[in-house]
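Please arrange chain B on chain A, whose structure you already have, making use of the hints.
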Amino acid sequence: MDPYFRGDVFIGVSDLEGVAIEQAYLTATSLPWGIEARLGRFLAPIGKQNTTHRHDLHTVEYPWVLQRFLGPEGLRGTGLYLSKVLAPFGFYQELQLTATDRLGEDDESLVTSEPINTRLGALGYSARLRNYLDLTKHANIEISGSIATGKRAQPASGLGGEATAVGVRQTLAGIDVTYRWRPLQQGLYRSLIVQAEWLRQINGRFRAPNGVEYEGPTRDFSGGYLFARYQTSRRTYWGARIDRVADPAAGGDPLTAVSGYYQFYPSEFSKLVAGYERVSGAGSAAYGRVIFQATFALGPHRPHPF
Amino acid sequence: MRAAGFLLLATLAAATDATGQLRVVTSTTDLADLARQVGGDRIRLRHISEGYQDPHFVEAKPSFVLEMAKADVWAFIGLDLEIGWMSLLLNGARNPKIRPGGSGYLDVSKFIPVIDVPSGAIDRSQGDVHPLGNPHYWLDPANGRRIAAAFAAKFTELDPGGAADYARNLAAFEAALARAAEEWAPALASLSGKPIVAWHTSWRYFAGYTRVNIVGFMEPKPGVPPSPSHLAGLVATMKRTGAKVIVMEPYYDRKTADLIASKAGASVLVLPPSVGGEKGLDDYISVLRRNITSLARAVE
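Just so you know, the protein sequences line up as chains A and B, in that order. Quick note: the first sequence uses the working numbering, first residue -4, plus one each step. Quick note: the second sequence uses the working numbering, first residue 19, plus one each step.
Certain hints may be false.
[Unchecked claim] Under 10 Å between C-beta atoms, here's a sample of chain B residues computed to sit facing chain A: (1) Gln71; (2) Asp72; (3) Ala78; (4) Pro80; (5) Ser105; (6) Ala111; (7) Arg142; (8) Gly145; (9) Met236; (10) Lys239; (11) Gly241; (12) Val242; (13) Pro243; (14) Tyr270.
Derived by calculation from the structure, the hints in this document are not laboratory data. Backbone N, C-alpha and C define an ideal beta-carbon position, used for all residues, glycine too.
Pulled out of the complex, with its shape left as it was, chain A reads as follows (with noise of 0.2 Å):
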């Protein structure tokens, strides 16, 4: 933008939104002290993957339990947010907050009788702590934990007029692991990446008053995923994951999901990935599913995510 300011802009198109602005924010680049600050609309850096966009992902959906609690598209708000790198001990580290308008975005059903972000307190607040350490020049580690608070609206009737929801404070907090090696000679070849991540939603409870009837979430919900992903060759990659969350929309039920998954990669440019994932449980019959998908980049060489 200006010597003190970059802007991203990240623009999606899916069934769920059609073409929508999935980031679009400010980066100061000039603050003293190394923060760095954004202003605008962005995804909350809480867990591992809810920042990777879709196509960055080593697997080839969201774990489940980041679309059961953050969202199909993902947690994200509009706001403030700053970072500041540390190194106290000798490894990076990164402290991660955030103040967005509010915790993520509420079914469009659901109406409540005044906005539910009135108040400071009733934002949408997060901190992520990420630590980085190198256990070699080939293998290294990231442990990380997140928290994120704020109001939703949740079901409730007997309100009056058009409202259909109430506000409650439901929190996030979760912790990821990540182990990467990738020999530094044979890295065009040989790669491997563990993944895991828990985390838990722990809903406010509600007290509704006479002739209202809450119809919200009364308990908290647990979930994870751990996935591994192995490079065979240049162009080729072999992962799998389990998936285990108490889905909050089958009233905790716990959803158990296995998957696999071949990755072919013609170029840096594309990628054609096939899998297979049983899914059981969250109070339906168990099925299975052949997954294909496909990814390829335009325009100028991006750079590789890490």
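Only chain B this time, still in chain A's reference frame:
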């Protein structure tokens, strides 16, 4: 007493900062060695990629960010060699000195007569073409001199007190390179016009200096892994031209090269493209000497 302790700590901290050394981070080991030749002990040096690693595919590890956050100079090859990772590190470092336009941002390619600049329209069907030209320029000694001179100018700009040291070091490096060139001149003469095959376009500048004739590449297009049909054509080309050597970097899988060499009656020669590409090759001139003399023996 407490105040005295604080003063002592402050004094120690000031002494550490007052070493006067420029903190220099380079993208490759070749740039690091040339910076060391010129900067000597007036600079503190780090590099990102290793000499035995493909510099296109470096991982943008957060630990590199810590190095770059403190740098006075960020020197890189440019021409999109580092396009896959450099912007992530620069953004993560949050260091205005080494951002584009900053005093320590040194795009070394600006001092190089670049070859292989595409003319006309380019698109992805041509592979990973570098639209600004071939970035593997350090393997021509004339460009090594240019890089060293660029470092001398940048270091003098940022540390005028060291101008005399930088000028002296630059002259010493140029003299050493000239002596080495005399030493390998017979090998160089024997290479002129000899047909070879290379894996990637990274040997184009080296070929320009040695005058070997690259008759084909293992990659059908830059950055695209070899396909069976391309390799079949390459074997035919090698037989037709008499190419007896396939030159490749240590980070490519030599099984494919060995197979093609066996079919074409040739041999595979793994050459280090950078400082540190092999054990013991710790400086720029050693890398040039190793490559020129080894290739001369291989094509005899």
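Do the hints match the structure? See the list:
1. A least Cβ separation of about 4 Å between B/Gln71 and chain A falls short of the 10 Å threshold, and the interface hint therefore holds.
2. About 6 Å separates the beta-carbon of B/Asp72 from the nearest beta-carbon of chain A, less than 10 Å, and the hint is met.
3. Taken as an interface hint, B/Ala78 checks out: its beta carbon lies about 5 Å from the nearest beta carbon of chain A, inside 10 Å.
4. For B/Pro80, the interface hint holds, the least distance from its beta-carbon to any beta-carbon of chain A being 4 Å, beneath 10 Å.
5. Against a cut-off of 10 Å between C-beta atoms, the interface hint on B/Ser105 holds, since the closest Cβ of chain A lies about 5 Å away.
6. This hint holds: B/Ala111 has a C-beta 8 Å from the nearest C-beta of chain A, less than the 10 Å allowed.
7. Nearest Cβ of chain A to the Cβ of B/Arg142: about 6 Å, under the 10 Å cut. The hint holds.
8. The closest approach between the C-beta of B/Gly145 and any C-beta of chain A is roughly 7 Å, which is under the 10 Å cut-off, so the hint is satisfied.
9. Given the 10 Å rule on beta carbons, the hint for B/Met236 is violated: about 12 Å separates it from the nearest Cβ of chain A.
10. The closest approach between the C-beta of B/Lys239 and any C-beta of chain A is roughly 8 Å, which is under the 10 Å cut-off, so the hint is satisfied.
11. The interface hint given for B/Gly241 is met, as the beta carbon of that residue sits about 6 Å from the closest beta carbon of chain A, less than 10 Å.
12. Restraint check, B/Val242 versus chain A: the minimum CB separation of about 5 Å is within 10 Å; hint holds.
13. At a threshold of 10 Å, the smallest CB-CB gap from B/Pro243 to chain A is about 5 Å, leaving the interface hint in force.
14. For B/Tyr270, the interface hint holds, the least distance from its beta-carbon to any beta-carbon of chain A being 7 Å, beneath 10 Å.
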